[in-house]
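One line per chain: the protein sequences are A and B, in this order.
Mind the numbering: the first sequence is residues 1 to 154 in the numbering used here, read in order.
Mind the numbering: the second sequence is residues 1001 to 1215 in the numbering used here, read in order.
Derived by calculation from the structure, the hints in this document are not laboratory data.
In this text, all values refer to a predicted model and were calculated from it rather than measured experimentally.
Check before you lean on any hint, since a few could be wrong.
Counterexamples of contact, computed for chain B against chain A with all Cβ distances above 10 Å [what the hints assert, rightly or not]:
hint: 1; residue: Ser-1012
hint: 2; residue: Trp-1032
hint: 3; residue: Thr-1060
hint: 4; residue: Pro-1089
hint: 5; residue: Arg-1156
So the derived label-pair ranges between C-beta atoms look like this [claimed, not checked]:
hint: 6; chain 1: B; residue 1: Asp-1135; chain 2: A; residue 2: Gly-55; range: 45 to 53 Å
hint: 7; chain 1: B; residue 1: Gly-1033; chain 2: A; residue 2: Asn-40; range: 19 to 27 Å
hint: 8; chain 1: B; residue 1: Pro-1108; chain 2: A; residue 2: Ala-28; range: 46 to 54 Å
For glycine and all other residues, C-beta sits at the position ideal for the given N, C-alpha and C.
One-letter residues, chain by chain:
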Amino acid sequence: MSRLRTIALSFALSLGLAAAAAAQTAPAVEQPWARATIGNSTVSAAYMILRNPAGQPDRLLEASTPAAGRVELHTMTMDNNVMRMRRVDAIDVAAGGATQLRPGGLHVMLMDLRQPLRAGEQLQLTLRFERAGTVQVAVPVAAANATAAPAHRH
Amino acid sequence: MAEPKSAPSARSALRQIRLVTYVGLAAIAGLWGGWWIAAACGWLPQPTMMAAAPIGGPFTLVDHNGRTVTDQTFRGRWMLVFFGYTRCPDACPMALSEMSQALDALGPLAERVQPLFVSVDTERDTPETMRGFFDAFDPRILGLAGSAEQVAAAARAYRAFYRRVDQGSDYTMDHSTLLYVMGPDGRYVTAFNHQTGGDVVGQRLRALVAGAPAS
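Model the full assembly from the supplied sequences, consistent with the hints where possible.
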């Protein structure tokens, strides 16, 4: 009887642990934001922190949104005061680590936007990771002159 | 008389030597000529001369209201000159917000400063496309566009680098991110790099503009 209980208990426990582990491996996207478009521009950029709680490294392979005709992963470097922006195939996120997409560095480049992005709006972004699969993110749009994520509203 | 017998081969050897000499001389002349042309056109790196050559100089461009402007247009006022492009999603908005922050920090002194944003994307940026672009930052910023030649001349004067980089079906522009400060006489005073915050730029400008006699 007590043995049966032990088995049942351990079974329940292992189920719970497995569920917790599964929940933990999904990458977390923190402080996402996109820059409002400027004037008649149809391009913008989105930024966020990609956190990978899994024990294995992961990679962001692709991003997409119904709001833009084309979305690319870009990096920006400063070299002797010259800005160079390049497309990258993927953005690595170390096991148990985080990668920050921010102004002046890595970003999700939004091109051929169907409508202007206005501050206060939200953008639905789908991120596809190599291991973790797809993650949906609601990305708030910040003012064109913003340098960081808009303050969190409750 | 063995000599006449060997004469044809000796002659051909001589001819070969002569040919090699001619080709060599031609190559040297070509290299020298090429170097001379490159030097004359300013294609060669000249570190010492570059350091001494002044930044800035004449330019002719069209502002976002469709008005043709030159460096002379802004004489008597300080010029803040930045090279960028409107499809730049990151570095240019950052620079523009720093520029607007600096203008705010200047207060009424900002009247003596003309901020200029010169587009290096001559294919896509026109006075029309640039109109309204700066309202999100500061309407006092004036966008300048021009033909490929006009923009190249302006960038050369400021020693600002830019280059079109094809990325699939699209392209981006590599470009300098220095903010040049030119005095009311049109002469170069200083430059700020992208790491200088708008508030710092504003403070430094305030000291410069306030310290200079009003013109």
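Hints and how they fare:
| no. | hint | in the structure |
| --- | --- | --- |
| 1 | Ser-1012 | holds, 56 Å |
| 2 | Trp-1032 | holds, 31 Å |
| 3 | Thr-1060 | holds, 24 Å |
| 4 | Pro-1089 | violated, 4 Å |
| 5 | Arg-1156 | holds, 15 Å |
| 6 | Asp-1135(B) x Gly-55(A): 45 to 53 Å | holds, 49 Å |
| 7 | Gly-1033(B) x Asn-40(A): 19 to 27 Å | violated, 49 Å |
| 8 | Pro-1108(B) x Ala-28(A): 46 to 54 Å | holds, 48 Å |
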